[in-house]
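Undergrad: Okay, here's what each chain looks like letter by letter:
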Amino acid sequence: MKRIFSSSLFGPAVATTVVTLLVMATTDRFLLPGNLNNLALQVSIVALVAIGSTLVIFIGTIDLSPGSAVALLTMLLAMLVKFWGVGFWPGIMITIIFGGGLGAINGMLTAYLRIPGFISTLAGYSAYRGIAFMFNLGSPVFDVSPLLDSLFYGTVFGIPWPLIYIVVFFAAAHWFMRYTRLGRSIYAVGGNAKAAHLSGINVPLTQFLAFVIAGLMTGVGAVLMAARLNSGSPNYGAGLELQAIAAAVIGGASLAGGRGDVLATLLGAMTITIVQNGLNLNAVPTSTQGLVIGLIIVLAVGIDMWRRELADGVVRLWPGRTAKLPPTDKEKSHDLPSSV
Amino acid sequence: MNAATGQILRTIVNAMQRTGAVVWELRNIIKAFGPVLANDNVSLTLRRGEIHGLVGQNGSGKTTLIKTLCGAHQPDSGTILHDGRPVRLPNPLAARALGIATVFQEFSLVPNMTVAENIFLGGWPGRLYGIDWRQMREDARKVLAQLEIAISPDDVLADLPVARQQMVEIAKAFAQNASMIILDEPTAALAAREVEHLFALLQRMRQQGAAILYISHRIDEIVQLVDVVTVLRNGQVISTAEDTPIDIPYIVTKMIGRSIEEYYPKERNATSEVVLEVRQLGTERGVADVNFTLHRGEVLGLGGLLGSGRTRIARALFGIDPLTTGEILVKGRRVSLTSPAAAVAAGFAFLPEDRKTDGLFFNFDGCRNITIANLRGLLRGIQLDLAREQEVARGVIEHLDISPAAQEGMMDQLSGGNQQKIILGRWLYAGAEIFILDEPTQGIDIGAKTAVFRLINELTRAGNGVIFITSHDDELLAMSDRIAIVRRGRVVRIANVNDVNKADLLQGAGEVAA
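Residue numbers (the working numbering), protein chains in the order written: chain A, 1 to 340; chain B, 341 to 854.
Hints were generated in silico from the structure; no laboratory data involved. The beta-carbon is built from N, C-alpha and C at its ideal position, and this holds for glycine as well. Each hint should be verified, as a subset may be incorrect.
Said to hold, decoys possible - Covered, in the sense of this in silico footprint (three residues per stretch, anywhere, with C-beta under 8 Å from a C-beta of chain A), are these stretches of chain B:
(1) 681-690
(2) 713-720
What the hints assert, rightly or not - Over the 10 Å line for every Cβ pair with chain B, so calculated as not near, a few chain A residues:
(3) 133
(4) 151
(5) 157
(6) 174
(7) 179
(8) 187
(9) 295
(10) 299
Based on the provided sequences and hints, a complete structural model is requested.
TA: Next comes the structure, spelled out in structure tokens:
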């Protein structure tokens with residue numbers, strides 16, 4: 001019981017469960033196999049991009065560029081494969097690596113030239129989509145390659161590929177954050193950059209590499225985005241960066257840096273997608289959807305912050321037991337040191 | 341005259357000098373939290389024109405007593421008398437109404453108001469409507485002049501340094517004619533010179549008849565200031581104001597329940613083997629011509645005033661400030677320390693003065709705080725061995741006698757002493773051989789200080805070299821083998837500790853001021 005409540009996945013899992021139950025209550029089309037499949041496809045792009053956004057939040061800054069970077073990268077992929085005679089698989093590789101390159105620019109500006117991440121990636125937000133419009137006279141490129149569809153709509157043993165990407169990339173991200181030096185260093189730099197520096201960690205390099213990884217994940221998301229409609233467009237990915245940040249925040253990542261669990265970001269992305277799906281199934285207008293997502297962000301983060309009180313309430317229903325939980329991270333940051 | 345007679349005489353003189361009228365008296369205060377008796381039959385009197393020191397380790401009941409006086413806690417039994425009449429302090433407002441003013445670390449001032457507005461906060465002199473600004477500024481000027489505080493009443497508070505803001509806070513208490521001014525660890529955030537100013541201010545207030553209760557665990561400071569001292573231990577008055585001579589060894593012994601020799605448990609472990617040699621060190625930040633050697637098992641104390649350059653020398657050694665001249669040799673080999681990472685690799689360890697902002701990771705448990713400087717040591721292939729990490733941390737925690745809760749507990753749940761040990765443990769695990777300790781006893785209670793001194797012994801016993809920076813001359817003289825006196829970023833003298841006395845350390849002070 002205690003372990004469940006104090007887990008960093010608890011709050012995000014509650015949020016996901018609650019919205020799932022709500023959507024199931026409002027429409028019986030939610031559980032249709034076709035819809036669930038559709039859901040997996042929809043969540044994949046946000047979730048994969050959000051891995052990168054989460055890492056950047058972990059080092060204590062923010063990445064506003066992925067939406068625009070996705071637009072540029074889908075155009076790059078389309079131009080490479082359709083007009084510039086690059087092979088399909090090399091084109092995919094170049095796109096992802098180029099995504100890493102855009103991340104490296106963000107990282108260079110932020111970590112080495114010390115421009116705050118919010119500003120440097122705001123510049124990227126503007127510039128990358130601008131560059132995307134410079135290709136093909138600013139028009140989308142359609143019918144990129146017959147091979148491209150299957151990356152998104154293909155299945156193995158009946159399982160859609162995007163679901164497999166999610167499992168593979170999140171498993172890798174979880175392993176990376178938990179079991180590698182760089183992952184630990186990212187948490188350390190986000191928690192206290194000065195102490196990290198004085199502990200012998202190369203702080204700028206760590207920040208730089210977090211941005212590069214975020215760029216690579218944006219590249220992966222861009223390939224899927226292009227595959228979804230077999231096209232590249234400078235208009236793709238609008239608002240994607242905010243959805244990715246929302247996924248991380250609903251997942252409990254602290255914008256102060258250093259705290260959070262990358263797996264929870266998947267729950268955050270699922271929460272957002274399920275809400276959107278449910279609203280679509282109920283034919284709710286887009287404007288209302290934005291409002292609802294806003295409420296979800298507040299609620300999900302609230303549940304995480306109030307979970308001690310919630311746990312006390314639940315445990316009180318079992319007579320003869322007392323709740324004793326360590327304070328959550330967020331509560332602790334508000335507590336003052338106490339002494340007798 | 342032998343020491344015992346001297347002490348008795350001083351005690352008698354103490355008692356006789358207490359001539360001011362009793363303003364506040366606590367009689368047999370008892371306060372329990374569950375089974376813990378935080379205040380066990382505490383009595384003390386506070387007189388006009390007296391600075392009354394209240395000392396004790398963390399957990400001795402000081403804070404509970406203050407909170408009782410502020411009206412935040414209700415005593416289980418006992419009497420509080422004000423001017424001889426029993427009073428009750430059911431809430432902070434009641435305490436304030438009876439003139440109890442408390443100066444905490446966090447000030448009760450408004451940053452964007454002027455000094456004058458702050459001094460009379462809540463009680464601004466007014467006409468029928470509006471505030472009489474001229475009157476208020478005039479009154480503020482008078483109060484500041486009376487206390488000889490060189491601050492303009494028109495200064496905006498936020499523009500003043502913290503030490504000055506504190507003086508405004510104290511002036512505010514004084515202006516409100518407080519019957520008791522409580523100061524709780526007022527020097528924690530102050531530099532040495534600012535402490536002098538503060539003490540001068542408090543002494544002027546004493547002459548004007550103020551009754552001041554001064555709480556601290558900095559014994560070496562308190563003895564310069566107070567008229568009488570009450571010592572608390574485990575919630576009880578272990579030595580009353582009448583009995584306590586103003587004498588460091590006596591007070592410390594009462595406070596920690598052990599003798600002073602145990603307080604500074606110095607071991608001599610210095611060998612002749614050189615572990616670090618520094619030649620002609622210089623940096624852009626004002627370090628110049630620094631030469632010294634450090635031997636295995638030796639504690640080299642850096643003496644000198646705050647701002648004399650001791651920390652800057654430490655920063656240069658740890659690769660934080662780039663060198664402009666000179667070279668550093670570790671075990672005879674020249675090393676290039678261009679970053680803290682390089683310094684760590686060369687075997688240096690650095691305990692920063694401000695461990696909260698520069699040392700600890702508050703997002704990590706104790707385990708991760710310990711291993712962070714040597715993650716390489718946990719690698720199995722490219723993967724961190726988390727099971728080994730737990731073992732390593734458990735070993736360090738046991739070895740340094742850190743609270744076992746630290747293993748999985750977060751840093752804000754640990755005491756200052758335990759936090760300090762966690763950082764020390766980090767460097768032990770990183771395999772450091774040259775330990776730079778910058779004010780390692782800053783802000784930790786006196787029992788934990790002794791623990792830090794024991795750890796220094798342990799470091800030297802294991803053959804490490806220690807560079808020890810402290811503003812407390814007693815600590816420096818007690819724990820060092822040799823002392824390098826630093827002035828204006830230069831080492832002006834290196835001598836065996838037996839050839840250095842307090843005057844030598846202060847002599848440096850005079851020249852800096854000149």
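Undergrad: Which hints from the list above does the structure break, by number from lowest to highest?
TA: 7, 8
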